[in-house]
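A.B. asks: Here are the chains, one letter per residue:
There are 2 protein chains.
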Amino acid sequence: MPQERIRYAPLRDKISDPATAARHVVDGSNLFVSGFSPVGYPKLIPAELAKRAASGERLRFNLYSGASTGDGLDGVLAEAGVVIWRRPYMAAKAMRQRINQGEILFKDDHLSFTSAQVRSGGLGRVDVAVVEALAINEKGHLIPTMSVGNTPTFVRQADKIIIEMSDACPLDLEGIHDIYIPEDPPYRMPIPIYRASDRIGKPYIEMDPHKVVAIVYSQERDHCPLFPPPDRVAHDIAAHILDFVQHEIKAGRLPRGLPWQSGVGDVANAVLLGFLENDFFHGLDLYSEVLQDAVLDLLDLGKVRHASGSALTFSTKGQDRFIKELYRYKEKVVLRPVEISNSPEVIRRLGVLAVNTALEIDIYGHVNSTHLWGRELMNGIGGSGDFVRNAALSFMVTPASGKQERISRIVPMVSHVDHSEHSVDVVVTEHGLVDLRNLAPRQAARAIIDHCAAPAYRDLLSDYLERASRAGGHEPQLLEEAFAFHLRYMQTGDMRPGGVPAAGRQRVD
Amino acid sequence: MPQERIRYAPLRDKISDPATAARHVVDGSNLFVSGFSPVGYPKLIPAELAKRAASGERLRFNLYSGASTGDGLDGVLAEAGVVIWRRPYMAAKAMRQRINQGEILFKDDHLSFTSAQVRSGGLGRVDVAVVEALAINEKGHLIPTMSVGNTPTFVRQADKIIIEMSDACPLDLEGIHDIYIPEDPPYRMPIPIYRASDRIGKPYIEMDPHKVVAIVYSQERDHCPLFPPPDRVAHDIAAHILDFVQHEIKAGRLPRGLPWQSGVGDVANAVLLGFLENDFFHGLDLYSEVLQDAVLDLLDLGKVRHASGSALTFSTKGQDRFIKELYRYKEKVVLRPVEISNSPEVIRRLGVLAVNTALEIDIYGHVNSTHLWGRELMNGIGGSGDFVRNAALSFMVTPASGKQERISRIVPMVSHVDHSEHSVDVVVTEHGLVDLRNLAPRQAARAIIDHCAAPAYRDLLSDYLERASRAGGHEPQLLEEAFAFHLRYMQTGDMRPGGVPAAGRQRVD
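Protein sequences appear in the order of chains A and B.
So for the first sequence, our numbering puts the first residue at 485; every next one is plus one.
So for the second sequence, our numbering puts the first residue at 485; every next one is plus one.
These are calculated hints, taken from the structure and not from any lab test.
Don't take every hint at face value.
In silico negatives: residues of chain B with every beta carbon more than 10 Å from chain A [unchecked claim]:
#1 Asp593
#2 Ile684
#3 Asp692
#4 Asp763
#5 Ala940
To be clear about the criterion: a stretch of chain A counts as covered by chain B if any three or more of its residues have a C-beta under 8 Å from a C-beta of chain B, and this derived list gives those stretches [what the hints assert, rightly or not]:
#6 705–718
#7 751–764
#8 863–875
#9 896–908
#10 944–958
Ideal placement from N, C-alpha and C gives every residue a C-beta, glycine not left out.
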């Protein structure tokens, strides 16, 4: 392993092989790993743990991270059957299945809270932290790779630390991170971020080198999916949002210069790409969670001045491009702990414009972003709650329908509420946008049906609204048929009456 | 009117009678009033407006306040049929009825957001602000009475200001208010509160005296209900909370010194009174919204050092007691704008322990605090969302049952979600307390049924949970019968099967 990766000489004695290193994780451990989105997570130790379980060793542990990781961690460990608890978020198919079967315990947390919970001891001892690193500096402190997540707190609280020293990123990445662990109540000072680009901490994670029990050398790269160019639906949703914000700024109701947050996925990416074609927006700041490929284009064209997040989730092509001109990007990009990137205090102060994706939205603006049919976990709430509740303006987006219109994503009542009408400001589908901020519930329902619902569902939804309104109430609902759309789909494979009965129960996945 | 109430001499020319003053409110006006809870709201101008409507004058306007007011405002104006829009919160029976009938438009807002919305122009022009005042100082600035709410922003943004100069409070109240209007994004500094007692603003509301079009003299007192001593249920809920917090502090998972917020109502009051009998807690701080009579006892005994809120909602007896020894209370009590008392930034920084009341809670910890039967507005979300989402620890409390056990307040699925499982930490009824923070949904459901539900409903809820769990999913629900409890009550007047059929649909109110 090159010496410049371990600049603190005493730690060179800790170089080990993955199998030996992984021995520090024992049955019943609390295991805390680096990683936020499928970047920056350890890949070698998980493989060893799975191997041990496959060999018949009794090995079960609790697994905590920054957010989701990749299949090399969540997938491998879920399939190995070694995970008791998983928090705070995941996005791997094998993990999801076992959580839905009740085999893996999961609690769906706001991401901004996990580090504080760990520091308070609320998740138990941090027996072992396994973290991917770019390098260890001269003082024995740790420099992370493409994500920060909860790693600073995990490293601080850990009894033992295992490091996967990765050579997938060049050492020039050093300096991109801004590590700041806030104090905990009741004696806590403000988090001193006043602009999205502000740096308030150190470019490394403070680490007591005596806690490091092993360092393994890794050549594993991160693998993130490359987003295809936005389809028509994503493009139209993005266009509605940009038009609307432009209109609000011109009307004087929204100041220029508010930073943007854009969740993960097609539409979020399309919104960012939409800036490229738009002359009104320039010199933007991003105060977000996960930064994706589109950010590189925006930085290149000067559309975005600064981008702040907790992870750089670039495709392989994006990674190469980023690394090639790192010197240019580094001064414009900052990677923070998730409790800072998602801090309610900072989000409210900066006045973030937040764009997040819904699984379904109801006619009153309640949003389901986590569960299908009220019960099956998709991925989790992630950071959306941190942003939706505290943003200056919160957009919830979804295609109006799915499965060739057999599913309407606008429904009478969502089957699981993650974001309530009180916090959702604007609803957007490819058909249109409704600003809920000055609409009473009956008006909101009328507008969402007329402007956002798929045309094939408007009569059905209108009929529901009219009958519910006759029955009365501030927010008319007929509890006896609020989930009729969902139940019809589960029985026939189509939310519309007269859909062809399916052989069995249908699932969206 | 005594000269010391209007110390800025030019404004003495504006003294008027209520009928003349009220002429500034015309058909189509946006009317913004002082008041937060039934204290500090104007009483004379509303009566005049109602009188004009009763005389056949065409008069309809939009009505905005800090939160609820009293019957002298919301009741009178709702009955007069003059209100088009009402925001952000109300608690008057006549107003509630008309909102539920769709006659008055209402949107249920987080209270911390209204002032910023007004400043951005999102609610339209502030045509007229009608505010109750204690005095106008030498510079022409305004000193409010027993509440602050959104008055500082209303006064700043108003075209015309009408003042009801009240002599119900002594001039010695001056100095209790701490008025600070935060900047608006994107250029906003931190709100510099580090302790519940910190004073960061001025003891008056800055006002341009040229905007004052009329001053009327008022002798109207505020009338707040006196809470009866807590019943057994409230007492037991409070005891569970205090036991739990004590236990968490002793276990080292919760620091000493976190400030408390306690919502409005019996249980909230009982929690505060519980401190009186408890030796563990002393020298507490309250960082709350509405301060009620119990606070006086706590201050007298030194149990509470400092109390911060946006309103002093004392009973008549409490008002007398407070005013009599004002010199003693004034240094321990601070009244703030609601965007500061409810600031997510400050709540998160201080690490508030929040206690709020639910209408119903489901087995997974989702909370309904606003709508009956999914559709009928009770009062609104008020400040609960500001606190629940940002507290260090968020308690949701409810009696386990209502209407002689004909209603279970623990249900399979709440009929309206205001606070989701992601933000609710602890559920409490008189039967027990469940800490949800480390429970997966199926475990949470089991624990809530066993420890919080009324015994008469445990078998019914268990049966539901078991059948739903067999059907699968991370958070098992059977959409076809998720509201069976509610529907049964609406049909028979009892949530249990076999309840006696009622003549018509039942309502809880």
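A.B. asks: Minimum C-beta separation from Ile684/B to chain A exceeding 10 Å: can you confirm that?
C.D. replies: The claim stands: Ile684/B keeps its Cβ more than 10 Å from every Cβ of chain A (closest is about 12 Å).
A.B. asks: Just want to verify: Ala940/B was marked as not at the interface with chain A; is every Cβ pair farther apart than 10 Å?
C.D. replies: holds, 22 Å
A.B. asks: Is the listed coverage of the region 896–908 of chain A by chain B valid when you require three or more residues with a beta carbon under 8 Å from a beta carbon of that chain?
C.D. replies: The restraint on the region 896–908 of chain A holds, since 10 of its residues have a Cβ under 8 Å from chain B and three suffice.
A.B. asks: At a Cβ distance under 8 Å, does chain B reach at least three residues of the region 863–875 of chain A?
C.D. replies: Three-residue rule met by the region 863–875 of chain A, so holds; n is 4.
A.B. asks: Three residues or more, CB to CB closer than 8 Å: is that satisfied between the region 944–958 of chain A and chain B?
C.D. replies: holds (count 6)
A.B. asks: With a Cβ-Cβ cutoff of 8 Å, does the region 705–718 of chain A contain at least three residues near chain B?
C.D. replies: violated (count 0)
A.B. asks: Regarding the assertion that Asp763/B does not contact chain A, is the least Cβ-Cβ distance greater than 10 Å?
C.D. replies: Its Cβ never comes within 10 Å of chain A, the nearest being 21 Å, so this holds.
A.B. asks: Closest CB-CB distance from Asp692/B to chain A, is it above 10 Å?
C.D. replies: Consistent with the label, Asp692/B stays out of reach of chain A, its closest Cβ about 21 Å off (over 10 Å).
A.B. asks: Check, residue by residue, whether the region 751–764 of chain A contains three or more positions whose beta-carbon lies closer than 8 Å to a beta-carbon of chain B, and give the verdict.
C.D. replies: This one is violated; 0 residues, fewer than the three required, reach chain B with a Cβ under 8 Å.
A.B. asks: Run the C-beta distances from Asp593/B to all of chain A and say if the shortest one exceeds 10 Å.
C.D. replies: Violated, because the least Cβ-Cβ distance between Asp593/B and chain A comes to about 7 Å, which does not exceed 10 Å.
The structure fails to meet hints 1, 6, 7 from the earlier list, while all remaining hints are met.
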